[in-house]
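If you want the building blocks of each chain, they are given just below.
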Amino acid sequence: MSDTQPPPSRATPSLQRKFEGRALRSMVLSGLVWFLAILTSVPLLSVLYMLITQGGARLNMEVFTELPPAGFEMDGGFGNALVGTFFMVGIAALIAIPVGIMAAIFLAELGPSSKLATAARFAAKTLTGVPSILAGVFAYALVVITTGTYSAPAGGVALAVLMLPIVVLTAEEAMRMVPKVMKDAAYGMGCTHTQVIWQIVLPTGMPAILTGVMLAIARAAGETAPLLFTALFSNYWLLQEGHLAVMSPTASMAVLIYNFSGMPFDNQLELAWAASLVLVMIVLIVNIVSRIFGKPKF
Amino acid sequence: MSSTMQQQATPDIQSATLVMDCKLDKIFYGNFLAVRDSHVPIEKNKITGFIGPSGCGKSTVLRSLNRMNDLVEGFRFDGYVQFLGQDVYGKGVDPVVVRRYIGMVFQQPNPFSMSIFDNVAFGLRLNRYKGDIGDRVKQALQGAALWDEVKDKLKVSGLALSGGQQQRLCIARAIATQPQVLLMDEPCSALDPIATRRVEELMVELKKDYTIALVTHNMQQATRVADTTAFFSVDISEGSRTGYLVEFGPTYQIFENPREKLTKDYISGQFS
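Protein chains in written order, with numbering that gives the first Met the number 0: chain W, 0 to 297; chain Y, 0 to 271.
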């Protein structure tokens, strides 16, 4: 370069991409994360593929209306297990949703930095990581032993223990997301603390709270271990001779799949596949519904 | 107009025209003395502007007038805030009730996550208003110069409006319950100049029916809309910052003929 030439910075820069150094590194990393993202969806997609090919063939109206078949019987279904799952998830939801949302109100609004809140938050976080079979042990001790029988309420309590931390933590997060300026506006209008919570914080956070509730329901619907020694299983309908057999062993989809998948009979194996497909569809529908409700109305 | 110019420098405020008389001896947050020795009278159907450098406590003072500061942990208050003859900090006074008579408009437009109609109706429903809520909502939106823009979409979310419209919605929400006093905490600082001008025009319109206390960091805004102006400054000593009232008077006097050197320095832009 001679002195008469303009300084290099004035030369027309090349805007072409150069395949070297950071550009190359960036491409490799992008490729890697693409690959890993695809990899994470492989398990779900392959499970769905298996379920549809294996369980789809057996899916008909009968499986929803018939009782589970015994050893060498043909046909049959899992109608009682479907009813049992809905019933027990319903009990669990009735316990976990009100308790969880109330607890979340305390954590987010009433005493967010109190010792009780710190302890409760820690407990909820720990509970999400506790093996689900322990929820079964807890409900066994609390309900099965005291009532002397396996039952749907015992299963419901076990599932509620699993739902509770999900509801508490997502609902607290949802309420914390409500902007402080919005709450200030409500106080400025002359709202009491209670009115701010019920009229502003809860409605504003409701979509996100519902998402958490739906996730908790989906989780509970698929649980097997906590039901094994709380609700056990039953080959009969929940509704027997005109009355609800509440305080007796109750069937559930998850336990039916667990029982049938270990059997040496083709008919039961096919039903286990079909039941799995139905259970996954339920979870999928609940998740889709939560997305619809989860969209903020305003 | 010219007769008001000949008024004496110190306003002789008739007690009958006084809506609020605020004597703020000390405002603490924990051990931090935020404001001291400030006495601000607020006259009926006038706009009282609070100006001063940032950190001078003008917002703190404003938020003390309807006890919004009660929500801040560690807030302590010495002095009195007389509102129509009653001390807002008096024994047995419910801050929630105070805020229903002394409304507030905030710096950030903060509509609720509900429809435009429900936003304005919120205070009416809160006070269990017995009359026609629709009428009052319309009135309030007209009062806030927003009616023509939103009358066909009252069911649309308040959050879907532009920033300036949101702020006028918040003003409509505040005036729907017809409070005696409207506290406005830098209501234009998040708005563009055109929206700012609209809100300023609105404030001048509103003072026919309301009494307004306005915090602003914009001195031009104070000269445009405020009838009387309180100038605050801040003491910085021993690592602490304490705001205090330097001068109070008619706006033209504060800006044209300030008595205090500090005021003169500030309005001539020698410090901020």
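These aren't lab readings, by the way, just hints derived from the structure by calculation. Keep in mind that the hints are not guaranteed to be accurate.
Once the Cα atoms are required to be at most 27 angstroms apart in a straight line, the calculated DSS-like pairs of lysine-lysine come out as [claimed, not checked]:
1) Y:K207 <-> Y:K25
2) W:K294 <-> Y:K152
3) W:K294 <-> Y:K45
4) W:K179 <-> W:K124
5) Y:K129 <-> Y:K152
6) Y:K207 <-> Y:K22
7) Y:K206 <-> Y:K43
8) Y:K45 <-> Y:K25
9) Y:K43 <-> Y:K22
10) Y:K43 <-> W:K294
11) Y:K154 <-> W:K179
12) Y:K137 <-> Y:K154
Example chain W residues on the side facing chain Y (calculated, C-beta under 7 angstroms, incomplete) [said to hold, decoys possible]:
13) V180
14) A184
15) G187
16) T191
Glycine residues also receive a C-beta, built at the ideal position from the N, C-alpha and C atoms.
Going down the list of hints, with the structure as the test:
1. Restraint check for Y:K207 and Y:K25: the C-alpha separation of about 32 angstroms exceeds 27 angstroms, so the hint is violated.
2. Of the supplied pair hints, the one linking W:K294 and Y:K152 holds, its CA atoms being roughly 20 angstroms apart against a limit of 27 angstroms.
3. Of the supplied pair hints, the one linking W:K294 and Y:K45 is violated, its CA atoms being roughly 45 angstroms apart against a limit of 27 angstroms.
4. With a C-alpha separation of about 25 angstroms, the suggested pairing of W:K179 with W:K124 holds against the 27 angstroms cut-off.
5. Taken as a hint, the Y:K129 and Y:K152 pair is honoured in the structure, with Cα atoms around 24 angstroms apart against an allowance of 27 angstroms.
6. Proximity of Y:K207 to Y:K22 is assessed by CA-CA distance (about 26 angstroms); at most 27 angstroms being required, the pair is judged to hold.
7. Only pairs whose Cα atoms come within 27 angstroms are accepted, and Y:K206 paired with Y:K43 is accepted, the gap being roughly 9 angstroms.
8. For the proposed pair Y:K45 and Y:K25, the alpha carbon gap of about 26 angstroms is at most 27 angstroms, so the pair holds.
9. Proposed proximity of Y:K43 and Y:K22 is supported: the alpha carbons are some 17 angstroms apart, at most 27 angstroms.
10. For the hint linking Y:K43 to W:K294, the alpha-carbon distance of about 46 angstroms lies beyond 27 angstroms, and the restraint is violated.
11. Distance restraint check for Y:K154 and W:K179: the Cα-Cα separation of roughly 24 angstroms lies within the 27 angstroms cut-off, and the hinted pair is therefore satisfied.
12. Pair hint Y:K137 plus Y:K154 holds up; C-alpha atoms about 13 angstroms apart against a cutoff of 27 angstroms.
13. The interface hint given for W:V180 is met, as the beta carbon of that residue sits about 4 angstroms from the closest beta carbon of chain Y, less than 7 angstroms.
14. For W:A184, the interface hint holds, since its Cβ comes within 7 angstroms of a Cβ in chain Y; the closest pair sits about 4 angstroms apart.
15. Hint status for W:G187 relative to chain Y: holds, with the closest Cβ pair at about 4 angstroms, below 7 angstroms.
16. Contact between W:T191 and chain Y, as hinted, is supported at the beta carbon level, the nearest pair being about 5 angstroms apart and thus within 7 angstroms.
Checked against the numbered hints above, the structure breaks hints 1, 3, 10 and satisfies the rest.
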